[in-house]
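Whenever a hint applies, use it, and build me the whole structure from the sequences.
Residue numbers (full-length UniProt numbering), protein chains in the order written: chain A, 1 to 287; chain B, 1 to 287; chain C, 1 to 287; chain D, 1 to 287; chain E, 1 to 287; chain F, 1 to 287; chain G, 1 to 287.
Don't read these hints as lab results, they were simulated from the structure.
On a predicted model such as this, the values are computed, not experimentally measured, just so you know.
Check the hints yourself; a few may be wrong.
What the hints assert, rightly or not - Only pairs whose alpha carbons sit at most 20 Å apart, straight line, appear in this in silico SDA-like list of lysine to any residue:
no. : chain 1 : residue 1 : chain 2 : residue 2
1   : B       : Lys255    : C       : Val153
2   : A       : Lys255    : B       : Thr155
3   : D       : Lys255    : E       : Val153
4   : G       : Lys273    : F       : Leu257
5   : B       : Lys230    : A       : Ala122
6   : B       : Lys273    : A       : Glu218
7   : C       : Lys273    : B       : Lys255
8   : F       : Lys230    : F       : Ser253
9   : C       : Lys230    : B       : Gly239
10  : A       : Lys273    : G       : Arg210
11  : D       : Lys255    : C       : Glu241
12  : G       : Lys81     : G       : Gly144
13  : F       : Lys273    : E       : Val207
14  : A       : Lys230    : G       : Phe238
15  : B       : Lys273    : A       : Val207
16  : A       : Lys255    : A       : Val207
17  : D       : Lys273    : C       : Glu241
18  : B       : Lys81     : C       : Val111
19  : F       : Lys230    : F       : Leu257
20  : A       : Lys230    : G       : Val232
21  : G       : Lys255    : A       : Ile169
22  : E       : Lys273    : D       : Met283
23  : A       : Lys273    : G       : Val207
24  : E       : Lys81     : E       : Phe134
25  : G       : Lys273    : F       : Tyr202
26  : D       : Lys255    : E       : Glu263
27  : D       : Lys273    : C       : Val111
28  : G       : Lys81     : A       : Lys70
29  : C       : Lys273    : C       : Arg210
30  : G       : Lys230    : G       : Gly144
31  : B       : Lys230    : C       : Asp170
32  : D       : Lys70     : D       : Val96
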Amino acid sequence: MLNNWTWAPLVASAITVVLIIVLAFVVRGIAHRVITRVVNRAATGGSITSRFRKGAATDGIDVLLHERRKQRAETMGSVLKHIASIVILGTAVLTVLDRLTIPIAPLLTSVGILGVAVGFGAQELVKDFIAGMFMLLEDQYGVGDVIDAGAAVGTVEAVTLRVTRLRDIDGRVWYVRNGTITRVGNESQGWSRAYVDVPVAYDADVVGVRVLLEQVAEEVWADSELRESKIVEQPQVFGVEQLSDSALVFRLSAKTLPSAQAEVGRELRLRVKTALDTAGIPMVAVI
Amino acid sequence: MLNNWTWAPLVASAITVVLIIVLAFVVRGIAHRVITRVVNRAATGGSITSRFRKGAATDGIDVLLHERRKQRAETMGSVLKHIASIVILGTAVLTVLDRLTIPIAPLLTSVGILGVAVGFGAQELVKDFIAGMFMLLEDQYGVGDVIDAGAAVGTVEAVTLRVTRLRDIDGRVWYVRNGTITRVGNESQGWSRAYVDVPVAYDADVVGVRVLLEQVAEEVWADSELRESKIVEQPQVFGVEQLSDSALVFRLSAKTLPSAQAEVGRELRLRVKTALDTAGIPMVAVI
Amino acid sequence: MLNNWTWAPLVASAITVVLIIVLAFVVRGIAHRVITRVVNRAATGGSITSRFRKGAATDGIDVLLHERRKQRAETMGSVLKHIASIVILGTAVLTVLDRLTIPIAPLLTSVGILGVAVGFGAQELVKDFIAGMFMLLEDQYGVGDVIDAGAAVGTVEAVTLRVTRLRDIDGRVWYVRNGTITRVGNESQGWSRAYVDVPVAYDADVVGVRVLLEQVAEEVWADSELRESKIVEQPQVFGVEQLSDSALVFRLSAKTLPSAQAEVGRELRLRVKTALDTAGIPMVAVI
Amino acid sequence: MLNNWTWAPLVASAITVVLIIVLAFVVRGIAHRVITRVVNRAATGGSITSRFRKGAATDGIDVLLHERRKQRAETMGSVLKHIASIVILGTAVLTVLDRLTIPIAPLLTSVGILGVAVGFGAQELVKDFIAGMFMLLEDQYGVGDVIDAGAAVGTVEAVTLRVTRLRDIDGRVWYVRNGTITRVGNESQGWSRAYVDVPVAYDADVVGVRVLLEQVAEEVWADSELRESKIVEQPQVFGVEQLSDSALVFRLSAKTLPSAQAEVGRELRLRVKTALDTAGIPMVAVI
Amino acid sequence: MLNNWTWAPLVASAITVVLIIVLAFVVRGIAHRVITRVVNRAATGGSITSRFRKGAATDGIDVLLHERRKQRAETMGSVLKHIASIVILGTAVLTVLDRLTIPIAPLLTSVGILGVAVGFGAQELVKDFIAGMFMLLEDQYGVGDVIDAGAAVGTVEAVTLRVTRLRDIDGRVWYVRNGTITRVGNESQGWSRAYVDVPVAYDADVVGVRVLLEQVAEEVWADSELRESKIVEQPQVFGVEQLSDSALVFRLSAKTLPSAQAEVGRELRLRVKTALDTAGIPMVAVI
Amino acid sequence: MLNNWTWAPLVASAITVVLIIVLAFVVRGIAHRVITRVVNRAATGGSITSRFRKGAATDGIDVLLHERRKQRAETMGSVLKHIASIVILGTAVLTVLDRLTIPIAPLLTSVGILGVAVGFGAQELVKDFIAGMFMLLEDQYGVGDVIDAGAAVGTVEAVTLRVTRLRDIDGRVWYVRNGTITRVGNESQGWSRAYVDVPVAYDADVVGVRVLLEQVAEEVWADSELRESKIVEQPQVFGVEQLSDSALVFRLSAKTLPSAQAEVGRELRLRVKTALDTAGIPMVAVI
Amino acid sequence: MLNNWTWAPLVASAITVVLIIVLAFVVRGIAHRVITRVVNRAATGGSITSRFRKGAATDGIDVLLHERRKQRAETMGSVLKHIASIVILGTAVLTVLDRLTIPIAPLLTSVGILGVAVGFGAQELVKDFIAGMFMLLEDQYGVGDVIDAGAAVGTVEAVTLRVTRLRDIDGRVWYVRNGTITRVGNESQGWSRAYVDVPVAYDADVVGVRVLLEQVAEEVWADSELRESKIVEQPQVFGVEQLSDSALVFRLSAKTLPSAQAEVGRELRLRVKTALDTAGIPMVAVI
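Encoded structure:
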């Protein structure tokens, strides 16, 4: 046995080990570069999943969006690079051990048993991260947006790959795991709509009320202050929305800037009330 | 050991490697072509799953549909080609490593452990994509349709393989993962129906009311403006739909163009109200 | 090594490969024939699962049913044949590669990893198809039936192995995945039943009301028009269904043709109302 | 290599193959017989799981039950025999291939991958069949019983291993998968109970009302027609079931034949009402 | 090859096979005895899981309980013995086949594929049995007890390892799978409690009402009939349980024998009502 | 072959077997001792998970707690020791069989197939035990505590590793599986709080009412009987808790001993009512 | 065989074993150090997941936070170090056994079977720990915060890796498993908001009411006591929030210190009520 112990295989092993390590770092470098490029392309809208996507006008805020995209790309790229490094260097270590004829089965067994035990429990974590990555990739929402995340509704304060932090209208801070968000409603994209329902008495003059409401709509649209900062379209008067035994319900609808619907609604309610009072048309109860 | 080191096996190995790589690219080319053909056939309605499908008339809009189909085919084909490339080239790489007697077990172990860990968490992602592919394949809805996706109701703004983007009536933008949509209701296919319930007093002349309502229905159908752009069939008068202690409830039903039911309903309500007023028949409360 | 390179094994290999391929096609042919026969037998009611099944009378519509069955058999057979072809030819390819001493482990590894990844996500798809196959096999519903699929209620417009397409009463088109339908209610098999609840005043003549209602029932049954096209049995008068402080509630029940219950109900309500009015018996409120 | 090609191993192989096939059919025959005996014993109540079971009296209908049991045994036995045949013959085929030194790994791989893919999706199917087998084995319900299956309530029209077909009171036909039925309520076993709540005025003579109700109960029990065909025990009068501010609520309870409770309830209500009227005791509102 | 065919190995094989079979039966015998002893010990309360358990007094019914325990021990032991027999004899058969150099891989493959396919679907079955075993072991309920099993409430009619059969108050028979019962409420252990809420007018004499109710409580306790067969403690009068605008709500509480609370409640209601009437204190409405 | 049959290997085998068995018992002894020590440390609060935990004052009841802890430690230790014994002795048996060149593959196969089949179904059981162990370890509740376990609310009567037995206020005994308790509310730790809402008329003297209520609070606190046995802090008067159209709602809040809140609430209600009556301030309805 | 028994391999084995053990401890030391550094960095905000996070101002309480972070880092590090030790030393033991040619397969089998059995059941445990680690890492809440954990709402009393202990407003102590908390609402971060809805009569002077409410808001803000300790911004008066038939609803909103909203709300309600009374504006019912 001992006369097998010549230098030749030892040298060969050493060379192999060095080659493996060098190769691992080269592959890791390539992987990192590929990730950087792919993530950047994805973040700037060139990905497959976003090809179909043509949304609301977002032209005037390109610089801000560009910044947000860059940040997103970095966040995602960082995670992917960590994963790639672990896989490549882990493979290299195992290969080296194998080449040096050090048995790796016990190590794999230990890690495997633990891995399975943890794997089951960690699925939710992986789900959160995947959900977070796609959320960032598709730019579903960002800091400052008002969103409905199902578990909580509020203004986004922070976005990470695992959780989204919101602050609701009562000041409560919510941590929502991304994987639990099956659908998101974003109130800060494009426009919102304010509704005002006006129940008038049954014997009211239908045409008269309609004309009155249309006057209110025009006044509102003519109001330069509202028009500039709140409303994006002249409010519309819908006809008899509901026909009950006691009331005819008319509806006013106004497209507003994102998240301005509450304020516009209050203004419209005030004006409609005043106009009806002036015209002597009473509003009635809807039971 | 060293005198085993002759050129013969080296040359054989090199030839094998080249052959494997060439073969891989040939197979990949074939796979891509097959995918293109299958996807095109599926998108144009020749697939198994759509053979049973004979829906509402969609003849006048063939060109638009053709365009939509082509786009769909490209989206789906692109994903399938990526998958095929990864499988074929991955196999080629592993085979080459194996032929060069480079141990691939460590690599497989690393990737395997990670794969299982991620696999569990990624099921939802795969579900989303599968759901998205079939949704596209079956053309369940497209951009511009008004759909009820369970989690949200609104107009489709964008469709990707993973999520569907809707905008609801309040201007809120919803991102709904395709895999969470177990059933879809599409309001923009074929026709919609408007209903108006008319509760008249208990001692009203049943036949008279019926005649009156039928007159309204005829007038509406005679109205050329409505007929051209909104209604697709003369409204029907149903008999006593409900028999309560205080009221006889009649029902008017009108088939309209898709998504026009709200508008037609308002018009019908207005006309019925006016006709009843003229005839002096009061409507009553339904508690 | 080179002097092992004789023609003998090469020829043997070639013969083996040809034999395998021929065998594969033969087996595939047999499999297809077996599938055709089994599916036909299943679709025409000879299967195990339908042996217990003896339903409503469906005699007069045998031809139509036969056609439906044939179509069903084709749909199912087509899928099963695809699956059989894939398994048999896939096995043949792997065997050939194995015989040619081409290593198939790398290929299996690639496909396996992908397979597991997709497998988890694709369960729902498989569930849908299995549910669809049994639904067809058991003929639970067909195009034109009015069904309650849980997620949506409406008239079936199309049936595929994966989804069922319904149109509800408002004209909305619903796509329901077959796997999500845990129970189906079919309103178009055999007969339906119309109910009319008649709340009469507490001090009414109980026997008199009962006689009156029975007269209405007889009149309805005597009406040749209704009898021919709507009602399949003389309506029954149930006794005091509910005993409240303010009213005695009688119930009329009529077996009708499938899906005709709404119309019959309207007719019954009208007639009961008229009869009670004539007899001077007031209906009262049920709070 | 060729001079190894003697007849000896060929003959040995042939003999082995024949032996294996013969053995397989013998084992299959034995398995079928064992199944028949076990299933028969189970169906006739000798199984472990039904040892504890001692239910309502079912003596007079032994012949009918015997028939039902025989049918059940056949249904179950048929499925088990199919499974046994598949396992035994499948094993025989694989063994033969193995003996002929035909590689079976590729076949197993193909089938295995498909098997796993389908396996996940088919769990629900297996669940349905297992649930169906136990339902039959335990005779939870049969054709003609009125059951509450959770998803639907109605009369059982057909029972298969996978689904149960019900027809509800409106004539709707329900297909309920056996695996989704976590609990079943059978209204057709032994007896049912009819309840009538009698709210009398607060200042009524408590003892008098009680006596009155007991008289009604006796009359009902004395009524030979009811006693023969509907009621199985003299109705009981419960005391003051509820003590509200406005009423004392008495309760009448009558054990009836299965599913006759509605009819008996109507009869009791009529009689109680008449008796109270005669005695001049008013019933009052329970808010 | 043939001259290897000597008697020596054949004899050795035969001896081995006989030894294996003998050993298997010996091990099976031992296993059965161990099971009997363990189950008996568990059923008589010596198990680990029941060490902490010290419940309501159950002394007077020791013989009955002993019988129930013995039955339970037999039911459980029977199942465990079946399982042990299958494992031990199965192992023996495989070992014999292995010793006779008959390949068992194909058999294992067939059984394995089927096993996995069924295994997923059968989990619920295993859950039911495990739940049933623990339920028996912990003696959670027995035939005749009134239990709330979540899915149904009623009197236990039969208990098996898989399902529990109940009959509810309307005479409906419920089959509830043991695995679906996450919590059980048993009304027949130790005692029950009857509550009577007494809403008196706002201006009533609080102390007087309290004294009155305490007199009622004493009378009830003094009533030898009730005391013997229904009530186990003198009823308690709680103070002002609820303070509304219109009423002061007092509460009477009485500990009764198991399941006698309804009857005792009726008796208490009657007596309280009579006492209040006598004292001229009106009860008032609680809205 | 036979001349290989010397005594040397036989003796070696025998020695090895003896060594293995001795070693197994030594390791088992060590494992048991380690478990005892770890469990004791954990039960007395030295574990990792309880390091952060600093709860309500529990000083005066140290002896009782010590006893409870000891019992807990024994319960847990006993289970862990059983598991350790099974693993260690099972390993020893397998090793011995292996050394004696007895094939263990068939045994493992049998046990494995059964293990997988049972494993899926037994997860719930394992969950229950794990939940039970942590519940004991963290001392979430003990016999005598009043807890809200979600599925049932009541007094703990017994705690085992698998189920918790409660008795609710109606005398019903509940068995709740520990694994189904996702959160526990314990009413018997530290203190409880009693609330009394006082709706006074709109035109009442706000300051006057407040002063009155504060007097009641002081009286209650001054009452030595209550103070000693029920209340742990002077009751607080909150301001106008609710501002409706018809009433001003004040709130009294009192910290009490655990589970004494109902009694204290009754006392407070009585006193507030008396005080308001004396002061002539009417309470009003809150609709 | 025996003459193979030379000292050389024995010595080699011994050296190897010693080397393995030394190596294991070295690796363990390195792992512990790496964990300490990573955890510290994560806890002090340098982790990937918290990079995006920029929340409410928390400057004045840096020291306290620093302490909390250190504690968190220790808790997490301790668990990770335990895991690393188990993996590394377990691997070392297996490797030593392997080197000494002691068969480890039986051990692995025993542990594996048990591991799988427990693994399924333990997933929830792992989920709880993972959730707990991220909760600590992201500092979602700490002892003393008022949180809404879904299952319970209250003040955090203790935080461990597995459960969070809360005490709710009634004094009940809740143990909530971290893995069941899908979203957390923290009321103690930054600020809270108090709302007061003021319904005034329909014919009230809209402008006058608004002015009145704004005066109240200014007074509140001017009140130095409130401003210092409760309110962080001058309260805002929203316009007509709701326009019903009977009332105009105004809303007052005030940003307060965390958890002070209830107290501020009470104060605002009192002041608004007083101001309206003084001004003679009645509040009205909102049905």
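Consistency of the hints with the structure:
1. For the hint linking Lys255(B) to Val153(C), the alpha-carbon distance of about 18 Å falls within 20 Å, and the restraint holds.
2. Proposed proximity of Lys255(A) and Thr155(B) is supported: the alpha carbons are some 16 Å apart, at most 20 Å.
3. Proposed proximity of Lys255(D) and Val153(E) is supported: the alpha carbons are some 18 Å apart, at most 20 Å.
4. For the given pair, Lys273(G) sits about 36 Å from Leu257(F) by alpha-carbon distance, which is inconsistent with the 20 Å threshold.
5. As the CA atoms of Lys230(B) and Ala122(A) are separated by approximately 55 Å, the hinted pair breaks the 20 Å bound.
6. For the hint pairing Lys273(B) with Glu218(A), the CA-to-CA distance comes to about 27 Å; that exceeds 20 Å, so the pair is violated.
7. For the hint linking Lys273(C) to Lys255(B), the alpha-carbon distance of about 30 Å lies beyond 20 Å, and the restraint is violated.
8. Proximity of Lys230(F) to Ser253(F) is assessed by CA-CA distance (about 14 Å); at most 20 Å being required, the pair is judged to hold.
9. A hinted pair counts as satisfied when its Cα atoms are at most 20 Å apart, and Lys230(C) with Gly239(B) qualifies at roughly 16 Å.
10. Proximity of Lys273(A) to Arg210(G) is assessed by CA-CA distance (about 15 Å); at most 20 Å being required, the pair is judged to hold.
11. The straight-line distance between the Cα atoms of Lys255(D) and Glu241(C) is roughly 18 Å, inside the 20 Å bound, and the hint therefore holds.
12. In summary, the hint linking Lys81(G) to Gly144(G) is not supported, as the alpha carbons are separated by about 29 Å, beyond the 20 Å threshold.
13. Distance check on the hinted pair: Lys273(F) and Val207(E) sit about 13 Å apart at the alpha-carbon level, within 20 Å; holds.
14. Distance check on the hinted pair: Lys230(A) and Phe238(G) sit about 16 Å apart at the alpha-carbon level, within 20 Å; holds.
15. Of the supplied pair hints, the one linking Lys273(B) and Val207(A) holds, its CA atoms being roughly 13 Å apart against a limit of 20 Å.
16. Proximity of Lys255(A) to Val207(A) is assessed by CA-CA distance (about 24 Å); at most 20 Å being required, the pair is judged violated.
17. Taking the CA atoms of Lys273(D) and Glu241(C), the gap is near 13 Å; set against the 20 Å cutoff, the hint holds.
18. Taken as a hint, the Lys81(B) and Val111(C) pair is honoured in the structure, with Cα atoms around 15 Å apart against an allowance of 20 Å.
19. Annotation: proposed proximity of Lys230(F) to Leu257(F) holds, straight-line Cα distance about 5 Å (limit 20 Å).
20. Restraint check for Lys230(A) and Val232(G): not satisfied, since their Cα atoms lie roughly 27 Å apart, outside the 20 Å limit.
21. For the hint linking Lys255(G) to Ile169(A), the alpha-carbon distance of about 10 Å falls within 20 Å, and the restraint holds.
22. The suggested pairing of Lys273(E) with Met283(D) holds, with an alpha-carbon distance near 18 Å, which does not exceed 20 Å.
23. For the hint pairing Lys273(A) with Val207(G), the CA-to-CA distance comes to about 13 Å; that is within 20 Å, so the pair holds.
24. The hinted pair formed by Lys81(E) and Phe134(E) meets the criterion: a straight-line CA distance of about 17 Å does not exceed 20 Å.
25. The suggested pairing of Lys273(G) with Tyr202(F) holds, with an alpha-carbon distance near 10 Å, which does not exceed 20 Å.
26. Note on Lys255(D) and Glu263(E): the hinted pairing holds, with a Cα-Cα distance of about 18 Å set against a maximum of 20 Å.
27. Between the alpha carbons of Lys273(D) and Val111(C) the distance comes to roughly 77 Å, so the proposed pair goes past 20 Å and is violated.
28. Among the hinted pairs, Lys81(G) with Lys70(A) is inconsistent with the structure: their alpha-carbon atoms are about 36 Å apart, more than 20 Å.
29. For the given pair, Lys273(C) sits about 14 Å from Arg210(C) by alpha-carbon distance, which is consistent with the 20 Å threshold.
30. Distance hint between Lys230(G) and Gly144(G) is fulfilled; the C-alpha atoms sit about 18 Å from each other, no more than 20 Å.
31. Taken as a hint, the Lys230(B) and Asp170(C) pair is honoured in the structure, with Cα atoms around 15 Å apart against an allowance of 20 Å.
32. Using a Cα cut-off of 20 Å, the hinted pair Lys70(D) and Val96(D) is violated, with the two alpha carbons roughly 38 Å apart.
When the structure is compared with the earlier hints, violations turn up for hints 4, 5, 6, 7, 12, 16, 20, 27, 28 and 32 and for no others.
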